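Visitor: So the chains spell out like this:
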Amino acid sequence: MSEIFGVPVQALMGQLTIGLVNGCFYALLSLGLAVIFGMLNIVNFAHGALYMVGAFFSWMLLNYAGVNYWYSLILAPLGVAAIGVVIERTMLKWLYQLDHLYGLLLTFGLALVTEGVFRHYYGSSGQPYDLPEVFRGPIDLGFMMLPKYRAWVVVASLLVCFATWYVIEKTKLGAYLRAGTENPKLVQAFGINVPLMITLTYAFGVGLAGFAGVMAAPVYLVAPTMGSSIIIVVFAVVVIGGMGSIMGSIVTGLGLGLIEGLTKVYYPEASTTVVFVIMAIVLMVRPAGLFGKEK
Amino acid sequence: MSGSEVLLSAHGVHAWYGESHILHGVDFEVKTGELVTLLGRNGAGRTTTLKSILGLVGKRTGSIKIGGVESIGLPTHRIARLGLGYCPEERGIFSSLSCEENLLMPPAVGSGGLSLDEIYAMFPNLKERRNSQGTRLSGGEQQMLAMARILRTGAKVLLLDEITEGLAPVIVQTLGRVIRQLKEKGMTMVMVEQNFRFAAPLADRHYVMEHGKIAAVVEKHELKAKEGMLHEYLGV
Numbered sequence: 231m232s233e234i235f236g237v238p239v240q241a242l243m244g245q246l247t248i249g250l251v252n253g254c255f256y257a258l259l260s261l262g263l264a265v266i267f268g269m270l271n272i273v274n275f276a277h278g279a280l281y282m283v284g285a286f287f288s289w290m291l292l293n294y295a296g297v298n299y300w301y302s303l304i305l306a307p308l309g310v311a312a313i314g315v316v317i318e319r320t321m322l323k324w325l326y327q328l329d330h331l332y333g334l335l336l337t338f339g340l341a342l343v344t345e346g347v348f349r350h351y352y353g354s355s356g357q358p359y360d361l362p363e364v365f366r367g368p369i370d371l372g373f374m375m376l377p378k379y380r381a382w383v384v385v386a387s388l389l390v391c392f393a394t395w396y397v398i399e400k401t402k403l404g405a406y407l408r409a410g411t412e413n414p415k416l417v418q419a420f421g422i423n424v425p426l427m428i429t430l431t432y433a434f435g436v437g438l439a440g441f442a443g444v445m446a447a448p449v450y451l452v453a454p455t456m457g458s459s460i461i462i463v464v465f466a467v468v469v470i471g472g473m474g475s476i477m478g479s480i481v482t483g484l485g486l487g488l489i490e491g492l493t494k495v496y497y498p499e500a501s502t503t504v505v506f507v508i509m510a511i512v513l514m515v516r517p518a519g520l521f522g523k524e525k
Numbered sequence: 275m276s277g278s279e280v281l282l283s284a285h286g287v288h289a290w291y292g293e294s295h296i297l298h299g300v301d302f303e304v305k306t307g308e309l310v311t312l313l314g315r316n317g318a319g320r321t322t323t324l325k326s327i328l329g330l331v332g333k334r335t336g337s338i339k340i341g342g343v344e345s346i347g348l349p350t351h352r353i354a355r356l357g358l359g360y361c362p363e364e365r366g367i368f369s370s371l372s373c374e375e376n377l378l379m380p381p382a383v384g385s386g387g388l389s390l391d392e393i394y395a396m397f398p399n400l401k402e403r404r405n406s407q408g409t410r411l412s413g414g415e416q417q418m419l420a421m422a423r424i425l426r427t428g429a430k431v432l433l434l435d436e437i438t439e440g441l442a443p444v445i446v447q448t449l450g451r452v453i454r455q456l457k458e459k460g461m462t463m464v465m466v467e468q469n470f471r472f473a474a475p476l477a478d479r480h481y482v483m484e485h486g487k488i489a490a491v492v493e494k495h496e497l498k499a500k501e502g503m504l505h506e507y508l509g510v
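If you read the protein sequences in the order shown, they are chains A and B.
Each residue of the first sequence is one higher than the one before, counting from 231 in the working numbering.
Each residue of the second sequence is one higher than the one before, counting from 275 in the working numbering.
Careful: at least some of the hints might be erroneous.
Sample of chain A residues lacking proximity to chain B, with all beta carbon distances greater than 10 Å (derived) [stated by the list, open to error]:
{"hint": "1", "residue": "294"}
{"hint": "2", "residue": "297"}
{"hint": "3", "residue": "298"}
{"hint": "4", "residue": "305"}
{"hint": "5", "residue": "361"}
{"hint": "6", "residue": "416"}
{"hint": "7", "residue": "419"}
{"hint": "8", "residue": "429"}
{"hint": "9", "residue": "453"}
{"hint": "10", "residue": "521"}
Some but not every residue of chain A turned toward chain B, in silico, with C-beta under 10 Å [said to hold, decoys possible]:
{"hint": "11", "residue": "377"}
{"hint": "12", "residue": "411"}
{"hint": "13", "residue": "413"}
{"hint": "14", "residue": "424"}
{"hint": "15", "residue": "515"}
Since the hints were derived computationally from the structure, they do not count as laboratory data.
Note that this is a predicted model, so its numbers are computed, not measured.
Beta carbons are placed, not taken as given, at the ideal position from N, Cα and C, and that holds for glycine.
Bound-form chain B, shown alone (with noise of 0.2 Å):
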């Protein structure tokens, strides 16, 4: 299933806010068509991870290639504009946007992203909600639209963020059902989660950070020999 190109890759990446340095050389790659979590606790610095790739740290330095192109030095709409989508772990439904207008506001920035009818078609609550204002929609209902609303743009690789996060069973459940739906599809993706029961079977490999650095690193088919490893990471 996975092609064997690397579309990601992170070389010794350090970022901060301000004065304080959260990354201390972070190393990962992600092949085109892989799906890879940053697992860890509070505070090991996985969503900087993410936001270093987009630039949205204050100093970030090391090496960041998208499909092959060194990004470290580029301003974050260009680096959007290699193929990314991002779903924030607030999800960043805009309140001053209709649900379809949320839908419809992230530029495309690759080719072959879903038309609006087979987003509407994977989600369905969002069709009957597309002119409720955007955050009037549930929690449930929002995490849908930030991952959809990434769906339409043709991105290459796809950065979630704690998208289990808060909610209940019912949609967690239907957001598996959508991560599995976009992997047979062939579509790269880097979760943060949380929920390592939602993340386990869904994921090629496991990177876990620690003080902002991959302290480990787990592929699927040594989940059963690693479990306790993980779990003293973890503390699950």
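Excised from the complex, chain A in its bound form (with noise of 0.2 Å):
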């Protein structure tokens, strides 16, 4: 068998494609945040933890009511778009004036609340989401064996970030959420109900993180601190991609999930530092984020 730097190519492929998969997680979760941030100027916390309550919300559905994975693909991130709403009409809007600090600290404090309410009807265990019949077994790539729920949490992921992408950069929807994120009164003022777009952009961000909660189901077990463990990674994400960069936070998500990969092969003792290395790095050399602009 073939071996690159003394390791098996399919040991390699299997990280990284591991990498690839965490990396989609990534980019899902910071691609909301930055969307977040850029239109609320809130620093979402409460994001790892409405995750979770996808990846609940579609656990539920399976478990209770019988509704399989696609309709749960939808339903879920609904759900949690839902409770965007509600947290945004009935908390956040009373913070835009005020410093990030209090947007940090009330998200921070939601997602507290959130995790322990789960924590203490499902307890800390985690529960496993029975992969769907048609993701079963790999697809044999003749150099490695690739999983298929693995193949399909990549590219539903890429469509999804890049379909948003396409959404914000290169539409009229777009150009408003761009234009009012750099001058909301402004926009306002052009006749644009901009509260109502501010809530739908809450919505919208925690939707995605629903949906990568659904995603991610399947893959790691459905447990209160799933949405702990991944978050600090996602915020280096958005750190080192630069805060508000949409492109950005794809780009560097899908980035340091495979230099994760990478480090597990080679230095398995860093890889769950790896990436708050490049952070520091990045924070010396380009403060603003290797996507963000200087202010």
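Please dock the two separately framed chains into a single complex, following the hints provided.
Guide: Right, dumping it as structure tokens:
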């Protein structure tokens, strides 16, 4: 069997696919954070918790109501988005005039409460989500065996990421959003219902997190802590990519997932810290992030 | 030329930014097809008056009617939909939008707006630079863009804040030509102007503001007679 720097190709490819799958979740989550930060100026610490809620909705739909994965893929993100509407309308909207810190504290508190509630009812050990039949087994690519579900996660996440990018950068709706990010008062003075746009932006951003949660349910265990364990890395991704940059968060998310995968092969001890080392270096060289604009 | 119907009227308008009380009972009227100016020194409340019309101040009271509809209790986006077009003092060109995206951004608030072709005929520079980033345009081009994008929307009343500020004389002339064309088409306009020589030949009436109130009204035909008084108010 062939080797690359002393590592079997099969093992290397295996870790790279895992890295890519993780990267997809980073990308989906940091994309939502970027959209929300751009429009609301809020660092949404509840993002990880809502990702977890998305996974739990999917699990509940399957186990309590017998609703399959495909319906969950639509219903669970909508459910999370609905929660987002309530959070924005009842809490966040009072904070826009204040310092970032208030939004961060509020959403951090929401994350803790949400996680606590789920831990109370479901314990912290986690529930498995059965893979749908079609995704069982691997695809033989010749040089490696690629599990079908991982391939699906990568394809579906990339589609959603690039669709989001396209809508924001290339359409009229996106132009409203970009303009609203820069100067919400003027956009409203042109006759656009900016408060509604803000609510929908938050709902969409956390809906993406819910979507990532549904995608993640069959990969990881559905556990109350799944959000808090991923969100720290996702924030590092956002810092590296540049706060508020759409393309930056997609590319950085995927890239860092791959780098993590590679590190796991060549120097496993550093695999959980490599992202933060990169973050430190990026902050020293480009404080606004790789894709961020210097203010 | 001017119709007799009052299109925009303000009565007893007070406005605040946070704790500071800026407008102390502003009254004025603009009839369909008229062009009026708000003159006065810096800090007299002219920009705040425009912003109050759109509900862009912290708090406002009194009465502002647009086409007969009371707007004092409405949110900004609903007021704009009554047919206003706003060109802010800082121009407000969006840097994340291209020139053409900036032009197409404001949604229609009425019927009968200019088409993109008509706008490009009026401002050929903007056509050349349509794919440039909005804020890469020169100051003059940005001002034209800020004007042009509210002509597309079918707005019935244009609120223009210091459109000649900091621009080269040749561009000021172009803007003067555009304003005259719009007036011939029957557009109603409220201009805040520092440049009295630009505004004087265009306007039907001048409202002079001082300390957040209208201190004097000068009709076009009274300009000669009241010149001395105007100079005193404006310090020109």
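Visitor: Against this structure, judge whether each hint is valid.
Guide: Okay, the hints, checked on the actual structure:
1. Taking the minimum C-beta to C-beta distance to chain B, about 41 Å, the non-interface status of residue 294(A) holds against the 10 Å cut.
2. For residue 297(A), the condition that its CB be more than 10 Å from all CB atoms of chain B holds, with the nearest at approximately 38 Å.
3. Even its closest Cβ contact with chain B, about 40 Å, leaves residue 298(A) beyond 10 Å, as expected for a residue assigned away from the interface.
4. Every CB of chain B is more than 10 Å from the CB of residue 305(A) (nearest about 32 Å), matching its label as outside the interface.
5. Separation of residue 361(A) from chain B is adequate, the least Cβ-Cβ distance of about 41 Å exceeding the 10 Å criterion.
6. Under the 10 Å C-beta cut-off, the non-interface status given to residue 416(A) relative to chain B is violated; the minimum distance is some 4 Å.
7. Residue placement check: residue 419(A) does not keep its beta carbon more than 10 Å from all beta carbons of chain B (closest about 5 Å).
8. Separation of residue 429(A) from chain B is adequate, the least Cβ-Cβ distance of about 14 Å exceeding the 10 Å criterion.
9. Separation of residue 453(A) from chain B is adequate, the least Cβ-Cβ distance of about 39 Å exceeding the 10 Å criterion.
10. Under the 10 Å C-beta cut-off, the non-interface status given to residue 521(A) relative to chain B holds; the minimum distance is some 13 Å.
11. Against a cut-off of 10 Å between C-beta atoms, the interface hint on residue 377(A) is violated, since the closest Cβ of chain B lies about 40 Å away.
12. The interface hint given for residue 411(A) holds, since its Cβ lies 7 Å from the closest Cβ of chain B, which is under the 10 Å cut-off.
13. Restraint check, residue 413(A) versus chain B: the minimum CB separation of about 6 Å is within 10 Å; hint holds.
14. Contact between residue 424(A) and chain B, as hinted, is supported at the beta carbon level, the nearest pair being about 7 Å apart and thus within 10 Å.
15. For the restraint placing residue 515(A) at the interface with chain B, the shortest Cβ-Cβ distance is roughly 24 Å, beyond the 10 Å limit, so the hint is violated.
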